[in-house]
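Student: What follows is the residue order along each chain.
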Amino acid sequence: AQSVTQLGSHVSVSEGALVLLRCNYSSSVPPYLFWYVQYPNQGLQLLLKYTSAATLVKGINGFEAEFKKSETSFHLTKPSAHMSDAAEYFCAVSDLAQGGSEKLVFGKGTKLTVNP
Amino acid sequence: EAQVTQNPRYLITVTGKKLTVTCSQNMNHEYMSWYRQDPGLGLRQIYYSMNVEVTDKGDVPEGYKVSRKEKRNFPLILESPSPNQTSLYFCASRPVAGAKEQYFGPGTRLTVT
Numbered sequence: 001a002q003s004v005t006q007l008g009s010h011v012s013v014s015e016g017a018l019v020l021l022r023c024n025y026s027s028s029v030p031p032y033l034f035w036y037v038q039y040p041n042q043g044l045q046l047l048l049k050y051t052s053a054a055t056l057v058k059g060i061n062g063f064e065a066e067f068k069k070s071e072t073s074f075h076l077t078k079p080s081a082h083m084s085d086a087a088e089y090f091c092a093v094s095d096l097a098q099g100g101s102e103k104l105v106f107g108k109g110t111k112l113t114v115n116p
Numbered sequence: 001e002a003q004v005t006q007n008p009r010y011l012i013t014v015t016g017k018k019l020t021v022t023c024s025q026n027m028n029h030e031y032m033s034w035y036r037q038d039p040g041l042g043l044r045q046i047y048y049s050m051n052v053e054v055t056d057k058g059d060v061p062e063g064y065k066v067s068r069k070e071k072r073n074f075p076l077i078l079e080s081p082s083p084n085q086t087s088l089y090f091c092a093s094r095p096v097a098g099a100k101e102q103y104f105g106p107g108t109r110l111t112v113t
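Protein sequence lines, in the order shown, are assigned to chains A and B.
Its first residue numbered 1, the first sequence is counted upward by one per residue in this note's numbering.
Its first residue numbered 1, the second sequence is counted upward by one per residue in this note's numbering.
The hints are simulated quantities; they were obtained by calculation from the structure and are not laboratory data.
Keep in mind the model is a prediction, meaning the values are calculated, not measured.
From the three backbone atoms N, C-alpha and C, an ideal C-beta is built for every residue, glycine too.
Take these hints with a grain of salt, some might be off.
[Claimed, not checked] Here are some chain A residues pointing at chain B (derived, C-beta under 7 Å): (1) L7; (2) G8; (3) Y32; (4) F34; (5) Y39; (6) G43; (7) K49; (8) A54; (9) D95; (10) K103; (11) T110; (12) K111; (13) V114.
[To be verified] Short derived list, chain A residues pointing at chain B, Cβ under 7 Å: (14) E15; (15) L44; (16) L46; (17) G62; (18) F63; (19) L104; (20) K108; (21) G109; (22) T113.
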């Protein structure tokens with residue numbers, strides 16, 4: 001079964017600084033990978049997804065992630081943080097559920113704080 | 001607008017009082033799923049459904065029931081809620097084919113006293 005590890009439950013950056021949120025997954029077989037964002041009191045919104053078409057994936061709001069098979073990583077980055085980026089971010093990987101269907105396995109989340 | 005809706009958004013109830021949280025999607029998705037979100041644990045799958053009348057357990061199904069009588073609806077039923085089911089619940093859907101990303105509802109915050 002797949003697992004996802006997000007390093008750092010809380011990350012704090014200054015406005016304008018680089019955002020780096022780390023995600024490692026467990027499988028050696030390249031899966032589907034996703035980053036979701038959750039703003040306060042809202043549901044989860046898809047930021048970007050990796051589906052094996054390209055290793056560098058661009059998403060919404062200036063975020064991107066790079067798939068590195070050798071490191072089993074899918075870290076999320078943004079060159080310059082904005083106050084509106086403050087939210088919780090979840091990395092997820094597709095996995096096979098009981099019965100053969102696929103499901104999403106989520107990391108525990110990283111709460112991003114952006115300081116003025 | 002393509003969306004997943006959940007009702008109610010907030011619910012406070014007492015131990016043992018049966019409740020249902022509704023979920024509906026208008027995207028004609030075959031696959032629907034329920035998750036609970038708890039601090040420090042991320043999202044964990046409760047139940048999922050591949051299509052009408054086809055449901056299966058996720059990682060944390062104890063204390064929950066679901067049904068899928070129509071493609072668009074996937075209600076979550078707590079027949080005898082307990083305080084450890086206090087949580088934030090999300091419904092999600094996706095097409096069976098494709099890249100597997102799921103579309104989430106706005107969440108239901110449940111408190112069981």
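Student: Can you give the numbers of the hints that this structure goes against, from lowest to highest?
Tutor: The structure conflicts with hints 1, 2, 5, 8, 9, 11, 12, 13, 14, 17, 18, 22, although it agrees with all the remaining ones.
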